[in-house]
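*Asks:* As given, the protein sequences belong to chains B and V, one line each in that order.
7 is the number of the first residue of the first sequence in my numbering; add one for each residue after it.
7 is the number of the first residue of the second sequence in my numbering; add one for each residue after it.
The set of hints was computed from the structure by calculation and includes no laboratory data.
Some hints here could point you the wrong way.
Note that identical chains are pooled: a pair holds if it fits in a single copy or bridges any two copies.
Think about it this way: if two alpha-carbon atoms lie no more than 27 Å apart in a straight line, the pair counts; the simulated DSSO-like pairs of lysine-lysine are [unchecked claim]:
1. Lys202 with Lys670
2. Lys831 with Lys776
3. Lys507 with Lys195
4. Lys226 with Lys327
5. Lys745 with Lys104
6. Lys547 with Lys195
7. Lys730 with Lys831
8. Lys860 with Lys730
9. Lys711 with Lys217
10. Lys226 with Lys202
11. Lys312 with Lys217
12. Lys815 with Lys356
13. Lys737 with Lys217
14. Lys356 with Lys327
15. Lys815 with Lys730
16. Lys319 with Lys371
There are 2 protein chains.
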Amino acid sequence: GQNLRLRGGAEQRLYHFGSGKADGSRHMLVSLGNKGANLAEMSNLGVNVPPGFTLTTSVCDEYNSQGKTMPANLMTEVLASIKNIETQMGQTFGTADKPLLLAVRSGAAVSMPGMMDTVLNIGLNDQVVAGLASSTSDRFAYDSYRRLLAMFGEVVLGLEAGAFEAQMDLVREEVGVDDDSMLTGEDMKVIVGRFKEIYSQNGVSLPEDPKVQLEMAITKVFDSWDNARSVEYRNIHDITSTTGTAVNVQAMVFGNLGSTSGTGVLFSRNPSTGENHLYGEFLLDAQGEDVVAGVRTPSPIALLEKTMPEVYKELLANVEKLEAHFGDMQDVEFTIQDQKLFLLQCRSGKRTGQAAVRIAVEMFKEGAMTKDVAITKVQGQHLDQLLHPQFANEEAYSERVVGRGLPASPGAAVGQIVFTSAEAQMIRAQGGAAILVRGDTSPEDVGGMHASEGILTQRGGMTSHAAVVARGWGKTCVVGCMEMQVDDVSKTFTLGGKTFKSGDWISLNGNSGDVIDGKEPLSPPILAGDLGTFMGWVDEKRRLQVYANADTPEDAAEARRNGATGIGLVRTEHMFYSSEERLTAVRKMIMADTCEQRSEALEKLLPYQRADFEGIFRAMDGCHVTIRLLDPPLHEFLPSGNMEDVCAMIASEHSISSEAVLDKLNRLSEVNPMLGFRGCRLGVVFPEISAMQARGIFEAALSAKAKGWVSVPNIMVPLVGCVKEFETQAKVIRDTAAKVFAEKGDSIDFKVGALVEIPRACLIAGQIAKTADFFSFGTNDLTQMTFGFSRDDMGTFLPTYLAQGILQKDPFQQLDTEGVGELIKMTVDRARAVNPDVTFGVSGEHGGDPSSIKFFDSIGIDYVSCSAFRVPIARLAAAKAAVEAK
Amino acid sequence: GQNLRLRGGAEQRLYHFGSGKADGSRHMLVSLGNKGANLAEMSNLGVNVPPGFTLTTSVCDEYNSQGKTMPANLMTEVLASIKNIETQMGQTFGTADKPLLLAVRSGAAVSMPGMMDTVLNIGLNDQVVAGLASSTSDRFAYDSYRRLLAMFGEVVLGLEAGAFEAQMDLVREEVGVDDDSMLTGEDMKVIVGRFKEIYSQNGVSLPEDPKVQLEMAITKVFDSWDNARSVEYRNIHDITSTTGTAVNVQAMVFGNLGSTSGTGVLFSRNPSTGENHLYGEFLLDAQGEDVVAGVRTPSPIALLEKTMPEVYKELLANVEKLEAHFGDMQDVEFTIQDQKLFLLQCRSGKRTGQAAVRIAVEMFKEGAMTKDVAITKVQGQHLDQLLHPQFANEEAYSERVVGRGLPASPGAAVGQIVFTSAEAQMIRAQGGAAILVRGDTSPEDVGGMHASEGILTQRGGMTSHAAVVARGWGKTCVVGCMEMQVDDVSKTFTLGGKTFKSGDWISLNGNSGDVIDGKEPLSPPILAGDLGTFMGWVDEKRRLQVYANADTPEDAAEARRNGATGIGLVRTEHMFYSSEERLTAVRKMIMADTCEQRSEALEKLLPYQRADFEGIFRAMDGCHVTIRLLDPPLHEFLPSGNMEDVCAMIASEHSISSEAVLDKLNRLSEVNPMLGFRGCRLGVVFPEISAMQARGIFEAALSAKAKGWVSVPNIMVPLVGCVKEFETQAKVIRDTAAKVFAEKGDSIDFKVGALVEIPRACLIAGQIAKTADFFSFGTNDLTQMTFGFSRDDMGTFLPTYLAQGILQKDPFQQLDTEGVGELIKMTVDRARAVNPDVTFGVSGEHGGDPSSIKFFDSIGIDYVSCSAFRVPIARLAAAKAAVEAK
Ligand SMILES: [Mg+2]
Ligand SMILES: [Mg+2]
C-alpha cells in the first residue's frame with residue numbers, strides 16, 4: 007500500500023557517488039543510510055572515494071513488503087550503474103582482464119551494530135581469479151578469493167563460520183606458520199580448494215556468474231533488515247523511525263599491491279593534546295587490518311611526505327577540506343592503490359579532554375566554528391578527565407594490577423590502606439593519604455570516607471552507598487571488587503593472590519576500576535588556560551543556573567570554585583554524623599519520650615547547626631543556599647551491630663534501661679524504611695525538630711549579616727505529599743523566623759519551599775504553590791516512588807532489565823522523561839498556573855547528568871544542583887541544552 | 007467589599023417561622039443553616055413549632071467583615087420580630103406578667119459539633135423571675151433562672167463552667183440530695199444567689215435588660231464563627247463553602263408545667279424491626295433532658311392516646327405529615343405545654359439493618375418513595391449487620407467483657423482459644439470452632455486464620471495483616487488489644503486480670519472490639535425476604551459490575567452466593583501457602599540456581615495450580631475470572647524464625663549446603679521489600695514461572711470446558727511500570743496459550759491485562775493499552791506508592807496525621823480521589839483514547855468502600871472487586887452512585 011508511489015517508478019532508487027560528485031548528500035540520511043550519505047558527501051566535496059552507488063532504504067522496504075521479491079527492473083538498473091564504476095576504475099566486472107571487484111554493505115539510518123551484513127571481493131570465480139593473479143600476484147588474488155568464499159559462504163549461504171576457520175588453522179599448522187601474512191600464494195590456493203570442499207559437503211557452490219553473486223548479496227542484505235535478530239534489536243532500542251536498510255555497492259581498492267600502494271589512518275589534529283597538526287600512521291603494501299593488527303610497525307604520517315609527496319599533498323588537502331566542511335577534527339581512513347589515493351571513511355575523531363577543549367577554542371579562533379558549535383564539541387567526560395587527578399602513565403602499572411572492580415567515581419587515588427574511619431582520620435590528621443577498604447559502607451563510615459583519598463569496597467554497584475557518596479565528593483571510588491576478601495578483624499584483605507595489611511600502599515583507578523599494588527605516580531588535574539576561556543562561553547550561553555549540593559563549608563567553597571552560583575541542597579543531617587558528640591545528642595533526641603526531653607536534646611544540637619550554617623553562608627556570600635530539613639528515618643542515626651550491645655551502649659549513654667531502649671528501637675524499626683517515618687513526617691509529628699533547625703538557620707544568617715555577608719536561606723520541607731504537611735511545616739518555619747527576628751532586632755530575606763519527591767506532590771502542585779516560594783525536585787526519591795523501585799534492592803533485576811531492553815538506561819542515572827519527567831513537567835505547569843513567581847530546582851543526582859539537564863532546560867526549570875565536582879559538567883550540559891534548543 | 011449588597015438593605019436578613027407558616031424553607035440551607043431551614047420547613051407544613059426567626063449566615067458574615075460591629079438597625083428589626091413571637095405565644099418579652107423566654111442558637115449550613123453556642127431562658131431578671139414564679143412555681147422559675155445565669159456566664163461572659171458546677175455540688179451536699187430533681191424552689195433560690203456571687207467575684211453581672219441579654223447572646227454566636235476553635239475545625243474539615251453561621255431566636259416552651267404538660271421522643275416506624283407503627287415514649291410534667299436521663303421511667307407513646315387523646319391525634323397527624331413530606335421514617339422530639347403540642351425537631355431516624363431494608367421496601371410499596379430514593383435509605387453498615395452473625399443479646403454479656411481491642415472485622419465469633427495454625431486446623435477438622443490468638447499475624451498464619459472462627463491479636467491496627475485478611479474473608483477479628491499479654495511458649499494469655507489457656511472458650515464482638523470470657527449465644531444472619539426484593543432493585547439500578555476477590559473454589563462459591571458476577575482477583579500465591587507440600591515445592595523453586603532446576607520445581611506446582619483453577623472455573627461457570635500472576639517477593643515463602651534453623655531446615659529439605667542456602671537468603675533479603683524484586687519483575691527475570699502459571703490456567707480452562715463449564719480467564723500481570731514488562735509477559739502468556747491449545751486440540755477465549763499499581767503505569771497507560779485487553783487497579787499498592795507510605799510502617803505517624811487533619815481519612819480505607827484518584831482517571835482517559843475496547847476494574851480494598859465506589863462509577867470504571875462478604879455492600883454502593891449521578 008504505502009509503497010505504490012515507488013512502483014510508479016517516479017522515485018529515484020539508486021544514488022551514485024565517486025569521481026568528485028554524487029547524487030545524494032549527508033542530508034539524505036533517512037534515504038541513503040549513514041554510510042551512503044557520508045560517502046555521497048565526501049564525493050561531492052571532490053574527495054576521491056572508491057566509486058559506487060547506494061540503493062535507498064525505500065527499495066529495501068519495497069522488497070520486504072512485496073514478500074521478499076526483487077523490485078521490478080532493479081537488477082537491470084544496478085548492472086547499468088556498474089558500468090559507471092567500471093569506467094571510473096578502468097576495470098571490468100566479471101572479466102579476467104583487470105577485473106572489478108565489489109563490496110556490498112548494508113547501511114541503515116540508525117546504527118545497528120551486529121546486524122550489518124557485508125560481503126567483500128564480489129566478482130571473483132576460477133577464471134577471474136587467474137586473470138587477477140597474472141596482473142598482480144597469486145598471493146593477492148587467491149587471498150582475495152578465499153576471503154570471498156568464506157564471507158559469501160557465511161553471510162549469504164549461511165554456512166558455519168567455524169568450518170572455514172578450522173581449515174585455516176589446519177593449513178597454518180601444516181605449513182608451520184603462526185600468521186596469515188606468512189602464507190604464500192600456493193598456500194592460498196590450497197585454502198581455496200579446502201573452502202570449495204566445505205561448499206560441496208554442504209551441497210552448495212559459489213555462483214560462477216559474478217552478477218548472480220552480486221544479486222544474492224544484495225538480497226541477503228535486504229533480508230537482514232527483518233531477521234529475528236534485527237527486529238529484536240530495533241524493539242529493544244525503540245527504533246521505529248526507519249523502514250529498511252540502504253545497500254552500498256562500491257568498488258574494492260587495495261593497498262597491498264606493492265610499494266606504490268599502502269593504507270593508513272590519521273587525525274586532522276592531535277587527539278591527545280589538540281595541537282593543530284596531522285597526526286597518524288601508515289603502512290606501505292598493506293591492507294587496513296594490518297595497521298590495526300600490530301604485526302608490522304606503521305610509520306608516522308609525516309614520513310609519507312617523503313615517500314609519496316604528491317599523494318601526501320593530496321591527502322593533506324583532502325583532510326583540511328573535510329575538517330573545514332564538517333567543522334570538526336576528523337578521523338580519516340585512506341588507501342593508496344598504485345599511487346592513487348582513496349579515502350574510505352571520515353568521521354569526527356575521538357579525543358582526550360585536553361584536546362577537546364583546545365580544539366574547540368582554537369577552531370573558534372580560526373573562524374572554523376561558532377561558539378555554539380564549539381560548545382557541542384566538548385563532552386561531559388572530557389571535563390571530567392580534566393578535573394580529576396590522573397595517573398601519569400596508565401600503561402606503566404599494568405603488571406601491578408591485582409584486581410578490578412566497578413569504576414564508581416573517576417580519578418586516581420594513592421594511599422595507605424585503612425579499614426576504619428578512625429584510622430583514616432588519623433592518617434589524614436598526620437598529613438598522610440589513606441585508602442579506605444570495606445566490605446561495603448554505611449552512613450557511619452562517611453567521616454572516614456571523607457578523610458580518605460579513595461574508597462575500595464568488595465560489594466555494591468554503581469549506585470551503592472559508597473559510590474553515591476564518593477561521586478558526590480568527586481572522590482575516587484572502586485566498588486564491587488568481588489574477588490577481594492576483606493577481614494576486618496585481622497585488618498587484612500586478599501586480592502590477586504596477595505594479602506594486604508593496614509598501612510600498605512595501594513593505588514585506585516576510578517576510571518577503569520583497576521586496583522594497583524603500590525604507590526603509582528599521579529599527574530595533577532590539567533587546567534589549561536583554554537579551559538577558562540571555554541567555560542566562559544559556556545556560562546554566556548546557558549539559561550539554567552547551576553547550583554551545587556554541599557553539606558559543609560568546605561563543600562560549599564569547592565562548589566563555588568567550580569562555578570556554582572548557589573547551593574541547591576544542604577542535607578542538614580549530614581552535620582549530625584560529623585562527630586561522636588553530635589551523634590550522642592541526636593540519639594538523646596531519638597530516645598526522648600516527651601516533647602520537653604526532645605527539646606532539651608535539640609538545644610544541644612542547635613549550636614552545631616548554627617555554626618555549620620554560618621560557615622556555609624560565609625562561603626556562599628551573596629548566593630541562595632537551599633537547606634533541607636531533617637530527612638532520614640531516625641533509626642539511621644543508631645549504631646549498627648549486635649542489638650544487645652547497641653541497646654546497652656545507648657542505655658548507659660542516656661541513663662535509661664536497656665529494655666526501654668529496646669522497646670524504642672523496636673518501634674523505630676521499619677519494614678520499608680524508604681516509605682516510612684521520615685522527611686516532613688518527622689517534622690509534623692515532632693515540630694520542635696523543624697523549629698530548632700529553622701532557628702539554627704535564622705540565627706546563623708543574622709550572625710553572618712552582622713559580619714557583612716549576604717545570605718538568602720531557602721528552607722526546604724522534604725517528602726511533601728499532602729498540602730497540609732507543607733503548610734504546617736512552613737508555618738513552623740515562618741513563625742520561628744518571626745520569633746528570631748524579634749529577638750535579634752534584625753531580619754533577612756528567606757524562602758520556604760517543598761521538596762517534591764512523592765508522586766502525589768506532583769498531582770497537588772497547584773495547592774502547594776499557593777504557599778510555597780519554590781519547588782525542588784528530589785529526583786532520586788521521585789524515581790524510586792514513580793517506578794516502585796528501591797535503589798537498594800534493584801540489583802536483583804536491573805541487570806536483566808537493561809540486558810533485555812525493558813529499560814534503556816538506569817533511571818537513577820538518566821532521568822526517565824516519559825514517566826518521572828512527565829510528573830515533573832506536570833508539577834511545573836500546575837504550580838506556575840497558580841503562582842507564576844514560584845521557582846523550580848532539581849536536587850537529585852540527575853542534576854548532574856547531561857541528558858537529564860537537557861530535559862530540565864526544555865521544561866523551564868530554573869536551576870539544577872549537583873555535587874561540587876560535577877558543576878562544570880552541568881554548566882556545559884546546560885549550555886548545550888540552550889544551544890540545541892535554538 | 008463582597009457584602010455591599012447587604013448594606014443596601016435589599017436582601018432579607020431575618021426569616022420568621024411558627025404558626026403554620028414561614029418565610030424560608032428547607033431549600034434555603036446555605037442562608038438559614040441546617041436548624042433554621044428545618045424549622046421553616048416544619049412551620050410551612052402547619053406543624054406547630056415554638057415561633058421564632060432566623061438571622062441569615064450573610065448577617066454573620068457582614069458582622070465579622072465589618073470588624074465585629076452589629077449591622078445597622080439589625081437590633082431594631084430583631085426587636086420588632088419579637089413582637090410577632092409575643093403575639094403567637096400570648097407572652098411578653100421582659101415583663102413579669104406572662105414573660106416570654108427566648109432561646110438563641112447558632113446553626114451553620116454544615117454541622118460543626120463542638121462550636122455551636124446556645125443560650126437558653128433569655129429574658130429573666132430578678133423582677134421577671136418573680137412574676138414567672140407566681141404564675142408557675144418557685145421551683146420552675148428559679149431553676150430556669152439559675153440555668154440562664156450559668157449558661158450566659160459561661161457562653162457569653164466566658165466565666166468558668168467549673169465554678170457553677172462546684173456550687174451545685176455544694177448545695178446538693180448541704181441539702182443532702184443526689185439529684186437535681188429533688189432540689190426545691192428554695193434550694194434553687196439559694197443557687198441563684200450563689201451564682202450571682204460568682205458573677206460579682208469576676209466583676210461582671212447579668213444585664214438586667216432582657217434586650218441587652220438578647221443582643222449579647224446574638225453577638226456571641228456571631229463571634230463564635232471565627233474564633234480559633236471554629237477556624238481550626240473548618241480548616242481540618244476543609245469547610246470553605248459557607249461564610250457565617252445563622253442565628254435562631256425562638257420562644258422557650260416547657261413540658262414541666264404540671265400534669266397537662268409533658269415531653270417525649272418518637273419514631274414514625276419501629277427503628278429495630280421497621281414495622282409501620284408509632285414507636286416512642288413520653289413523660290408528663292417533665293423537660294426534654296428528663297426523658298434521656300432515665301431518672302423516671304417514661305411511658306410508651308401509645309399511653310398518650312388515653313391521657314391526652316386530642317394531643318395524641320394531633321401528634322400522629324403531624325408525624326404522618328412529616329414522614330410523607332420528608333419521605334423517610336422520622337425521629338421527632340415534642341413538648342406539650344398546657345395541652346398545647348409543640349414539635350421541637352424532626353429528622354430521619356436511625357435504624358437497624360433489618361428496619362432499614364423493611365422500611366425502604368414498604369415505603370416504596372406504599373408509594374411513599376421511588377426505588378431510587380429507597381436505595382439511598384439503606385446504608386452499607388445496614389447490610390453488614392444483616393450479613394454477619396451477631397450475638398443474640400449484647401447487653402447480656404457486659405459483665406463478662408475482659409478487654410477491648412479495635413473492631414477490625416465485624417460480626418460475632420465464639421470458639422476455643424488456639425495459639426497456632428496447626429491447633430486451629432485440628433479443631434476445625436474435628437468440627438469444632440477455634441479463635442486464633444496471636445501477638446500479630448503474618449502470611450504464615452493464613453492457614454490457621456482461615457480455619458478459625460475469629461482472630462484476636464495484641465498488636466496491629468485497622469489495616470494490619472490480621473485485619474486485612476480477616477475482612478477479606480468476612481471473618482470476625484479484633485486487633486490491637488494492647489492490654490493482652492500473649493505467651494506463645496506456655497500457650498496462655500492474660501487479659502482483664504484473668505489467664506486464659508489453649509482450649510478455653512472465648513467470644514469476640516467484631517463490631518465493638520469486645521473480648522468476652524466464655525461461650526456467648528449467637529443468632530444467625532437475618533436474611534428476611536425484603537432483602538431479596540431490595541437487592542433486586544439495587545442490581546436493576548447500578549451500572550458498575552461487582553466482582554469478588556477469591557483465592558479458592560470455596561471463596562468463589564461464597565462470592566457468587568453474595569451476588570458477584572465475576573472474580574476480579576485470584577492471588578495465585580495464596581494457593582502456595584495452603585499445604586506444606588506446596589511450600590516445599592515453592593522453596594525448591596526459590597533455591598534453584600538454573601532455569602532447569604527451577605522448571606523442575608515448577609513442574610511440581612503445576613498440578614496444584616491447575617486443580618485450584620479448575621475448581622474456581624467450576625464455581626464461576628460463565629463468568630470472567632481475573633487471575634494475578636505470582637506477586638510477592640520470594641522471601642515471603644520462607645519460614646520465619648532463627649536464621650540458622652531456617653537454613654538448616656531448607657538445606658536438609660533440598661539436599662544442599664547450609665552455606666548455599668544462607669547465601670541465597672542473603673541475596674533475597676531486601677531493605678524495602680515493597681519496592682523490590684516482586685510482581686512482574688519475577689516473571690521478567692524468570693519467565694518460566696509465568697509460563698507455568700499460564701499453563702495451569704489454560705489446562706484448567708480446557709478441562710473445565712470438557713466438563714461443560716464456560717470459563718473466561720483474565721490473566722493479569724502485576725506491578726507493571728514499563729510497557730516492555732507488560733509486553734514480554736503478555737507474550738509469554740499468549741505463547742503458552744497457543745502451545746497448550748495446540749497440544750489439546752481445543753481453545754478458549756481469554757484476556758491479558760495489566761495490574762496498575764505503580765504510578766508510572768498510569769503515566770504510560772496509552773502505551774500499555776496498545777497490547778492490553780484490560781486494566782485492573784491495585785489501589786492498595788498504588789496508594790502506597792503515590793503517597794510514599796508503607797502500610798506496615800505508617801502506624802508511627804498516621805494517628806497524628808488524622809488528628810491534625812493533615813489527612814481527612816486513612817487513604818487505604820477511602821480512596822484519595824485528589825491524588826491516587828487523579829492517576830486512575832488519567833489512566834482511564836489515556837488508555838481509552840488509544841484503545842476504546844479496553845476494560846477497567848478495581849481490585850484493591852477500595853473496591854468495597856462505598857465512597858470510593860462512587861468515585862469509580864463517576865470516572866467510568868467497568869467493575870469493582872472486593873472480598874466476597876462485601877459484595878452486597880458494594881452492589882448497594884454502586885446502585886447509590888448510579889442513582890446519585892442522575
Ligand atoms: Mg529524598
Ligand atoms: Mg499489589
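*Asks:* Sort out which numbered hints this structure fails and list those numbers smallest first.
*Replies:* 1, 3, 4, 5, 6, 9, 11 and 13
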